[in-house]
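Residue numbers (our numbering), protein chains in the order written: chain A, 1 to 361; chain B, 1 to 229.
Treat the hints as calculated values from the structure; they're not laboratory data.
Small disclaimer: the values here were computed from a predicted structure and weren't measured.
Even for Gly, the Cβ is constructed at its ideal location relative to N, Cα and C.
Mixed in with the good hints, there may be bad ones.
When the alpha-carbon atoms are kept at most 25 Å apart in a straight line, the in silico SDA-like pairs for lysine to any residue are as follows [stated by the list, open to error]:
#1 Lys107/A to Glu125/B
#2 Lys94/A to Pro144/B
#3 Lys94/A to Glu125/B
#4 Lys122/B to Arg128/A
#5 Lys75/A to Glu125/B
#6 Lys259/A to Leu350/A
#7 Lys94/A to Tyr227/B
#8 Lys107/A to Leu135/B
#9 Lys102/A to Lys40/B
#10 Lys102/A to Phe136/B
#11 Lys40/B to Val71/A
#12 Lys48/A to Ile119/B
Distance windows between CB atoms, simulated [stated by the list, open to error]:
#13 Ile32/B to Ser359/A: 54 to 60 Å
#14 Ser50/B to Lys107/A: 45 to 51 Å
#15 Lys40/B to Lys107/A: 30 to 36 Å
Each chain is listed here by its residues.
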Amino acid sequence: MKNIISIKTKISNFAIDVNIDLKEGINCFFGPSGAGKTSIINCVAGIKRAKESKIIINNNILEDTTKGILVPIHKRNIGYVFQDSRLFPHLNIKNNLLYGLKLNYRKNEKFNYDEIINLLGLDHLIHRFPYNLSGGEKQRVAIGRALLAQPDLLLMDEPLASLDQEKKDELIKYIGKINEILNIPAIYVSHSISETFTLGASIHFINNGNLIYSGNRDKAINFYNKSKNFLFRDSYIIGKVIKINSLEGLTEIKLGKEKLTVFSNTLDLDQKVIVKIRSTDIIISKVIPDKLSSLNYIKTNIVDVVFEKELICLILNFEKNLIKALLTKKSYKKLNIKKGTYCYAIIKALNINDVTNISLV
Amino acid sequence: MINFSQEEISAIYLSLKIALVASLASLPFAIILGYLFARKEFFLKKFFISLLNLPLVLPPVVTGYLLLITFGINGFIGKFLLDYFNFTFAFRWTGAALACAIMGFPLMIRAIKLSIEMIDIKYEEAAKTLGANRLFVFISITLPLSLPGIVAGFTLCFARALGEFGATVTFVSNIPGETQTLSTAIYNFLQIPNGELMAIRLTLISIFISISALILSEIIFDKLLRYKR
Chain A
1 MKNIISIKTK ISNFAIDVNI DLKEGINCFF GPSGAGKTSI INCVAGIKRA
51 KESKIIINNN ILEDTTKGIL VPIHKRNIGY VFQDSRLFPH LNIKNNLLYG
101 LKLNYRKNEK FNYDEIINLL GLDHLIHRFP YNLSGGEKQR VAIGRALLAQ
151 PDLLLMDEPL ASLDQEKKDE LIKYIGKINE ILNIPAIYVS HSISETFTLG
201 ASIHFINNGN LIYSGNRDKA INFYNKSKNF LFRDSYIIGK VIKINSLEGL
251 TEIKLGKEKL TVFSNTLDLD QKVIVKIRST DIIISKVIPD KLSSLNYIKT
301 NIVDVVFEKE LICLILNFEK NLIKALLTKK SYKKLNIKKG TYCYAIIKAL
351 NINDVTNISL V
Chain B
1 MINFSQEEIS AIYLSLKIAL VASLASLPFA IILGYLFARK EFFLKKFFIS
51 LLNLPLVLPP VVTGYLLLIT FGINGFIGKF LLDYFNFTFA FRWTGAALAC
101 AIMGFPLMIR AIKLSIEMID IKYEEAAKTL GANRLFVFIS ITLPLSLPGI
151 VAGFTLCFAR ALGEFGATVT FVSNIPGETQ TLSTAIYNFL QIPNGELMAI
201 RLTLISIFIS ISALILSEII FDKLLRYKR
């Protein structure tokens with residue numbers, strides 16, 4: 001199956017030049033706001049026109065400027081979940097869901113109405129109107145509506161952007177459920193790195209209208225963690241929950257041979273999780289201090305030392321994982337460390353509070 | 001129970017028929033032109049909009065006179081219709097309906113154009129991504145979302161047609177049973193001695209019809225906007 005997006009265009013002085021090869025499952029487009037992510041997917045959907053483009057989805061050529069091919073929006077077979085959901089206000093939820101389904105009834109069924117309703121938990125909503133749905137419910141309906149049009153590709157443009165954290169987590173779970181039955185590729189646009197690493201099977205970093213890096217999740221996390229780009233300051237590590245002590249509120253996460261103790265009560269045993277470690281939360285020590293409160297001492301190897309103005313960023317390696325630690329120049333000199341030195345990264349369990357379950361995706 | 005005279009009944013009936021036909025016949029044109037004016041840019045757009053709004057600012061007598069010299073028996077369109085189709089607007093109720101339609105059209109198109117302009121084009125984009133072509137988007141999204149404006153435009157045109165006097169009387173005169181509406185009948189009774197009582201009766205009927213029409217349109221509005229509650 002060929003899914004290629006090649007776009008070269010200029011939108012009011014902002015140049016976009018990307019060649020993206022989509023993989024199966026959810027492809028996350030990550031980048032800061034204004035990086036051109038939404039413009040790219042608008043070109044794919046046909047809402048925006050690119051100067052030079054070649055877009056092939058599911059082996060169908062949708063655009064090829066060299067051959068003068070330009071398939072109109074309604075014939076592209078691309079489901080689009082907009083940031084603002086765009087449910088039709090005059091139709092109830094059922095008719096919103098059926099809108100695309102009725103127009104595409106001739107195609108072979110990739111997504112079944114009852115199954116989608118069930119997976120997205122829409123059963124109790126179908127007689128209501130979009131006006132009195134919450135933001136999260138609207139986005140669930142929008143996802144269902146897009147899938148029921150039986151698309152060859154699903155586009156999601158920051159569907160969580162307007163939701164609060166609790167609703168975000170809930171919707172991520174629903175997207176995870178959808179992912180299990182997703183037999184088409186999907187593009188998920190986000191400027192949140194934790195969303196990206198949580199949902200993306202493949203991840204494409206986009207900045208200033210260019211593709212910086214493409215790879216599967218593990219490779220992308222590695223790329224992110226060792227990147228010297230100031231934007232990517234925190235580190236992400238994938239691990240597995242091996243022990244829960246709910247009395248003390250502590251959870252142990254296995255990272256290779258190392259263990260990380262975090263303060264969290266929301267995780268379950270055997271869950272695959274992604275842990276965010278802020279570079280400013282790490283204390284570097286050459287020995288394991290014996291009278292220190294911290295619960296985590298990870299033995300690491302310094303693989304790189306990056307000078308950032310008045311700060312030093314150490315890139316530390318342990319068991320194929322990379323994490324970044326930020327130090328002041330004074331601390332760096334005091335410790336007398338350099339590239340290749342072994343040292344301990346000390347992290348308070350309380351400081352690790354961004355742990356996301358990714359077993360669903 | 002009030003006993004209506006033959007003349008009164010025919011004036012009421014004609015008024016309603018003329019206003020209804022004028023509004024219904026204008027509706028498709030107003031929707032199409034309203035859509036074009038709201039969404040498309042074309043050469044001389046402002047000129048066409050001004051031209052259609054002309055009856056709003058011209059004295060109604062002038063509009064009636066212009067209709068007479070174009071659609072009258074010797075007018076260039078009127079003569080053509082009579083010669084080839086054996087049809088004429090002159091001194092017929094259809095002529096009164098034409099005059100009312102022309103007078104009410106600017107009000108109708110204004111309401112429809114405004115309501116189409118208010119629709120967020122994003123909904124139409126979303127419909128296209130779901131596989132709807134332009135025509136289907138228009139029928140399933142644009143039209144229903146502009147329905148409140150269409151109803152408002154229809155009501156305004158209908159109300160204008162009920163009250164229309166100057167253009168009608170100039171174009172098709174005031175013939176009982178053919179072109180005499182409530183307003184021309186009231187005027188007529190005021191011209192004859194002891195006609196005041198009749199004029200008052202017809203005035204009350206006019207008020208009753210107008211209020212009923214307005215209440216009906218309010219009810220329809222409520223129904224149309226139910227999805228916002």
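Determine which of the earlier numbered hints do not hold for this structure and return their numbers in increasing order.
Hint check: 9 fails alone, others pass.
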